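Colleague: Model the full structure from these sequences, guided by the hints.
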Amino acid sequence: MAEAVWSTDTGEAVYRSRDPVRNLRLRVHLQRITSSNFLHYQPAAQMGKDLIDLATFRPPQAASGHRPDEEEEEEVVIGWQEKLFSQFEVDLYQNESACQSPLDHQYRQEILKLENSGGRKNRRIFTYTDSDRYTDLEEYCQKITTSASEVPSFLAERMANVRRRRQDRRGVEGSKLKSRIVTWEPSEDFIKNNHAINTPLQTMYIMADLGPYGKLGYKVHEHVLCILKVDSNGVITVKPDFTGIKGPYRIETEGEKQEHTSAWKYTIDNVSSLAQPEEEEREQRVFKDLYGRHKEYLSSLVGTDFEMIAPGALRLFVNGEVVSAQGYEYDNLYVHFFVELPAANWSSPPFQQLSGVTQACATKSLGMDKVAYFSFPFTFEAFFLHEDESAESLPEWPVLYCKVLSLDFWQRYRVEGYGAVVLPATPGSHTLTVSTWRPMELGLVAELRRFFIGGSLELEDPSYVRIPGTFKGERLSRFGFRTETTGTVTFRLHCLQQSRAFMESNSLQKQMRSVLDRLEGFSQQSSTHNVLEAFRRARRRMQEARESLPQDLVSPTGTLT
Amino acid sequence: MAEVHVIGQIIGATGFSESSLFCKWGIHTGAAWKLLSGVREGQTQVDTPQIGDMAYWSHPIDLHFATKGLQGWPRLHLQVWSQDSFGRCQLAGYGFCHVPSSPGTHQLDCPTWRPLGSWREQLARAFVGGGPQLLHADTIYSGADRYRLHTAAGGTVHLGIGLLLRHFDRYGVEC
Amino acid sequence: MAAASPSVFLLMITGQVESAQFPEYDDLYCKYCFVYGQDWAPTAGLEEGISQIASKSQDVRQALVWNFPIDVTFKSTNPYGWPQIVLSVYGPDVFGNDVVRGYGAVHVPLSPGRHKRTIPMFVPESTSTLQKFTSWFMGRRPEYTDPKVVAQGEGREVTRVRSQGFVTLLFNVVTKDMKKLGYDTGPVDTQGVLGPSLPQGNPQ
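Protein chains in written order, with the UniProt record's numbering: chain W, 1 to 561; chain H, 1 to 175; chain X, 1 to 204.
Keep in mind that the hints are not guaranteed to be accurate.
[Said to hold, decoys possible] Between beta-carbon pairs, the in silico distance windows are:
no.	chain 1	residue 1	chain 2	residue 2	range
1	X	Q38	H	G130	42 to 48 Å
2	W	Y213	X	D26	52 to 58 Å
3	H	H136	X	Q38	32 to 38 Å
4	W	K143	H	C89	51 to 57 Å
5	H	R120	W	E185	46 to 52 Å
6	W	S117	X	D27	53 to 59 Å
Hints were generated in silico from the structure; no laboratory data involved.
Every value quoted in this text rests on a predicted model; they were computed, and no experiment measured them.
Every residue gets a Cβ at the ideal spot worked out from N, C-alpha and C, and that includes glycine.
Modeller: Printed below as a string of structure tokens:
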């Protein structure tokens, strides 16, 4: 590589760790960019490796006794909340009168001790820890916009204050108020705590003094290299992110004179000591064990048995509700409905009711229409036994018939409409809207009788709605039968299907084939020829039926939505 | 056994003439079903909406069932009540809906109804309040005795329910 | 853990707290956190955040946009206790006191894909008129002691609330290993944003 690739992405990164944060170690490498650096560019990692050895064997020396070019490069390994003093701080705290707080005095002691033992390890790179004044100020003095008169919002100030607080205090406040759900008159303190995020947080700044050589120790030349934040949930925020395999970050300083302007590059790496392989393995094993046991515990709660049905059978299970009826002439509606199973191959458990009557419901206006809500539950199951696959026709599907009636003031009923719909053949949720019609008598007299006396024409056989049960012929004719279209009834059905045939088939087949096709595989007799033949027959029958009937009776009365 | 997770919210209600509504809810299942975790019934907060006429409850539901069979699939039954400024409660509607059987997210609209009573009681309800209530809550979610009732249509309760199924395919059930 | 039979599944959530509709209020900020069950743990990203203070746009839309990012990953052994996001919105009242403008919660969508959710926001309210007046006058509106209570079903029977706004959230949900563990989460939304059908009560 002839040229350095700069990393311009200085966004923050979020890490999570359950390990104690004191194990965190960072390696920061800082170097001034000169023209020669551009020519002999080495990957940062390799350079770092050499330097670690150097750093460990080199005796610590005072900052003053160095040649300029050595000063241009520095590498430090920093632990979490480890204090490295800057030249400025060293100069400041040497002076007894500058120390005010206990922390200042402590720093002074440490600096004096360092001076006696031969000076600081670090020269340009230093840190501000959580307890330093800088971190407090920085929290809300940080500018975010280019506005010259940017003032930190009350929210920024509050966040800065709240997050300083330690865990213990928060715990006490929490337990005291837990008993009441609502705090009727929140105090200032409560608001401060609750309107901001109050997860305790510790911050640390890694800084660099980028002053010209020999002029260290001025606040003006301090630059932030990296901000680290760790909260009590184990969330570690690093801004900018660890360098890793990216190129180094770059800082340019501006001085009033030409020679004060300089460019620097730096890298940040996570060099926290990893857990021993054995430890790692043990931890993995413990986790695996724990999860495994938890899984077993859960499945022991669940159990294993489940009802099964006879091989070759299809079970159709429907949870349904009569939702509503709307658009009818009279008020106080109720619905009478039943499910008819086709005669061939279908059966249902003997105890089961296949019919129901809803309550009578007074309607309410909804836009143009008057609606009656029933939310009447019904549930039924039916079995389809697929015995003979070479049979002449495709299996029929159950049909839902309904009849809407209205009650008058004297508790007499009128028929408002008849309707029918074939149950959906696919599993899942379906909303069916059934349009209904009623037999009509001509003339005013009949309508008046319907209004005053109640009662009206009824069908003797409700299955006349589709194809009468007694029908034997080839062509169905309803000629001479007058009807009037009335309102609609809405059903909601949740259908389930169960069959042993479904257990083998995989998901791809599920999409490709219909229910009936998948059932057929069971007796191993079916060939594509049979199936195609059956479809052709069915289509021919459909066409014949269509030609022989008036158009409006052919289209199924139900509409799927 | 197969497992069913019912995770979602009772969002709120529209179309009720009363304001300050709350809702009592419960889930009924058959004998083959076992509740492993979660709460089977509850009561929402009382909401007086500021915008529009929809009362919002945002009441979370999180249930984990195990089942041996399909019979007795969970049914959700609801009672909507209104509360006046003196804290008195009045029935606004009963409703029920089947918990859907297909996995995924469902927006359910559950229409409600209430018993009408005699014309005297209807008149009294219009002026004083009150009105007949059901003796047994199971009338809400079973169809057996419904034909004896004469009811009036109420508003609609809106639910957002997510279904998560496990091991039904193992027993050849398609949902 | 062996790759063959996983014992945990992952739920990855990215998205944003997009915008809000509060017809009566302005200059609002929003705080979010996630509430989840015993068997759940966050493995990456942030489970809480606080937005900037946003003001309404001057045009007809009156839009209040936060566009605040959400990015978190959970792991779990059991779908029970599925994460909910809890939002609380605050802003200044007439006298400049910082008061609450709404609480709300919604489950993270169960099925993978892109989802839009508009959730109602409400505040607890006192039944007594006197209390209402003093709380308005003193600039101390009632608040939940812990906002996370709105993600719980129990213990809220007593509270009276007033719903007064909406917040729109955008979720991108990815799950890992749920299929392998035998869970069926239903069809994946491929049409992009599928909002819940908005009830008539919503301002559009």
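Colleague: Take the hints in turn and mark each one as holding or not.
Modeller: Okay, the hints, checked on the actual structure:
For Q38(X) paired with G130(H), a C-beta distance near 44 Å keeps the hint of 42 to 48 Å intact. Y213(W) and D26(X) have their C-beta atoms about 54 Å apart, which keeps the hinted 52 to 58 Å range intact. Distance hint for H136(H) and Q38(X): a CB-CB separation of about 36 Å, consistent with the stated range 32 to 38 Å. For K143(W) and C89(H), the hinted distance range of 51 to 57 Å is satisfied, since their beta carbons lie about 56 Å from each other.
At roughly 47 Å, the beta carbons of R120(H) and E185(W) sit within the given window of 46 to 52 Å. Between S117(W) and D27(X) the CB atoms are about 56 Å apart, so this pair conforms to the stated range of 53 to 59 Å.
Of the numbered hints given earlier, the model fails none.
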